[in-house]
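*Asks:* Residue numbers (the numbering used here), protein chains in the order written: chain Y, 712 to 1051; chain V, 712 to 1051.
Be aware that one or more of the hints could be misleading.
Just so you know, same-sequence chains aren't split out, so a pair can sit in one copy or run between any two.
As the list claims (entries may be wrong) - Listed below are the simulated DSS-like cross-link pairs for lysine-lysine, each with C-alpha atoms no more than 30 Å apart in a straight line:
no. : residue 1 : residue 2
1   : K792      : K902
2   : K890      : K786
3   : K1006     : K852
4   : K786      : K902
5   : K986      : K852
6   : K852      : K989
7   : K786      : K868
8   : K905      : K792
By construction, these hints were calculated from the structure, which means they are not laboratory data.
Note that this is a predicted model, so its numbers are computed, not measured.
Below, each chain spelled out in residue letters.
2 protein chains.
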Amino acid sequence: MTRIALDAMGGDLSLLATIHGIDYFVSTYNVSDVSFSIFGDAVEIEKRLSEFTAIKRSAIEIHDTGTNVISGSEKPATAMKHGSGTSMFEAIDSVAKGQADAVVSSGNTGAYMALSKILIGTIENIDRPALVGVIPNTLGKTVMLDLGANTDCSSIKLTQFAMMGNAVATTLLGIKFPKVGLLNIGTEASKGTKILAETYDALSGCKSINFIGFVEGTDVTNGVVDVIVTDGFSGNISLKTMEGTIRYINSFLKSGFSSGFVTRIGYMLCRKVFKDLKDTIDPSSHNGVPLVGLKKIAVKSHGSSDFVGFANAISVAVNLARSSFVKSVEDSLCELSYAA
Amino acid sequence: MTRIALDAMGGDLSLLATIHGIDYFVSTYNVSDVSFSIFGDAVEIEKRLSEFTAIKRSAIEIHDTGTNVISGSEKPATAMKHGSGTSMFEAIDSVAKGQADAVVSSGNTGAYMALSKILIGTIENIDRPALVGVIPNTLGKTVMLDLGANTDCSSIKLTQFAMMGNAVATTLLGIKFPKVGLLNIGTEASKGTKILAETYDALSGCKSINFIGFVEGTDVTNGVVDVIVTDGFSGNISLKTMEGTIRYINSFLKSGFSSGFVTRIGYMLCRKVFKDLKDTIDPSSHNGVPLVGLKKIAVKSHGSSDFVGFANAISVAVNLARSSFVKSVEDSLCELSYAA
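Work out the full structure: start from the sequences and follow the hints.
*Replies:* Shown next, in the form of structure tokens:
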């Protein structure tokens, strides 16, 4: 039995997405032997649960944390001081205490990172977990990290990210000896900052990873690499620029298609192509990424994710809990500690 | 008469794009009273020129620099030491000496920046010019700077970028009192680095610009702001991620449309929408951006631009040469020097 702890109150849609998401996971994903510890307002949870039929009550445990929640604007430091008793804190703590195998939350990212770090702890040689993303590319998927948890990064940190990204691509995507690139503003070795040059040298000396050198923003989606390593500032800017560009093109095409009778007919005939594209790039189908570098599994679901996205985040948590993910990350970091 | 100096040897396509580009500009853009000083290999230039008919020979002066060119991989420092006599150096120098009103090159960006700075010089209070881009957004166009010329930026530099971006949006796009945003990983004032917080404070106190606060990567293309200010590292990553995302979607749709008879018919019926999208986001139609902060006008054309793109870069140079662009940038920086 895989036991998943869920912060039912996190995210923009809160209970509307989380409870529906559990039901959707149970009814759509073909995964057995999963139980859920739901943390949140018991009265509201019961009310929402009564609307759904797929979830077996025997697979659920409700932990009442009342209306104690960590808001989206709460600073990580405040969350660490006063977070005890909130749905997010208690859900993470249940994993820390071994009462669950993985936790999922759509709540405040900074608070989630900080609380996971304190309660669960990071693996040896890792100061702070990283936020990793899985992005569609022309040939498959790209793992990218960090996406916003670590804005200032030393070359040691970036080298750790490369190791961790390597483990994510291997474990989560099943890619053997993934190609790892370091994000820069040009591919020539002379380009970029001093920290990037140091990281380039460090990674060139790592035998356990397939480092192919510097990559550019255009390489995030073209499949040239399986793993893109960057600091949390650039990673966040890159990911959000991509989201914005997708929305821009979407809105352009939408208004174009509805501009005339013939184009509308044309759209009807090729809408399957757009559905396929939507399914591929839809954030929901990629929702749920582990905080990499923790001793146990904590999955971050996007703050704006709906029930479909939340269900996907649950499936990521289940898969990781059943894999050797944490050990893979630990093992991949061994080379680093030898080198240090 | 507006006199444009052209580096005929720069860019991936070199003479193939530049000479054809001049012809395309003359035959397609409805602009009179323009003359061209072409710098490069005179024999090759003559050969290419003989293939085109739109360019009047009386409007052309060829300056033979033989095969002396600055390669794409040349470091800026080397270009400054040994650049004299190359097509790029001499084209820039002709503007510096007042023999031309603006220069256009598709060559090595770093070398172009460095040579322009040395030969033409920067306006008061500006250490180094910035690379600015004009990007399509849902409501119109966004001016973004810096795009890669200045990787490490102090808050003073970022504040200067805001002033210069403001001048570009006003002069080049005709936007009155443009909305200016500072790129960050969240819109809350507490987000990001110390330098960004300092810049936020400085810009909040500037009366001459309409500063609306922090913006995110998603805001590059949604029209929330007219000007996006960022350091050259993040700006470059953002721009290239956008280019990559557009290519990704394009390739996805292309392969989807050709996957069956019905979708092919559908595509035929709505292909006008795709043509409109292509025209809007095509780098060629946005090619040519000024190096902002110089005492005279130097326009950078993309290294991979074709003749259509190069023609557009020429038109940007002509428009700027006929505008009060440099004075606008100087005036916009006045407030800064008073405040300093």
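*Asks:* 30 Å Cα cut-off: does K792 pair with K902 within a copy, between copies, both or neither?
*Replies:* Close across copies (20 Å), not inside one copy (42 Å); limit 30 Å.
*Asks:* Within a copy, between copies, both or neither: where do K852 and K989 come within 30 Å Cα-Cα?
*Replies:* both (15 Å within a copy, 25 Å between copies)
*Asks:* Give the relationship of K786 and K868 under a CA distance limit of 30 Å: within one copy only, between copies only, both, or neither.
*Replies:* Both, since 23 Å and 29 Å are each at most 30 Å.
*Asks:* State whether the alpha carbon distance between K1006 and K852 is at most 30 Å within one copy, between copies, both, or neither.
*Replies:* Within one copy, since 25 Å is at most 30 Å while 46 Å is not.
*Asks:* Taking 30 Å as the upper bound on the Cα-Cα distance, should K786 and K902 be classified as within, between, both, or neither?
*Replies:* Close across copies (10 Å), not inside one copy (35 Å); limit 30 Å.
*Asks:* If the cutoff is 30 Å on CA atoms, where do K905 and K792 land: within, between, both or neither? Let me know, please.
*Replies:* This pair counts as between: shortest inter-copy Cα distance 24 Å, intra-copy 37 Å.
*Asks:* First find the shortest C-alpha distance between K986 and K852 inside one copy, then the shortest across copies, and answer within, between, both or neither for a cut-off of 30 Å.
*Replies:* This pair counts as both: shortest intra-copy Cα distance 18 Å, inter-copy 28 Å.
*Asks:* First find the shortest C-alpha distance between K890 and K786 inside one copy, then the shortest across copies, and answer within, between, both or neither for a cut-off of 30 Å.
*Replies:* between (36 Å within a copy, 28 Å between copies)
The structure shown violates none of the earlier numbered hints.
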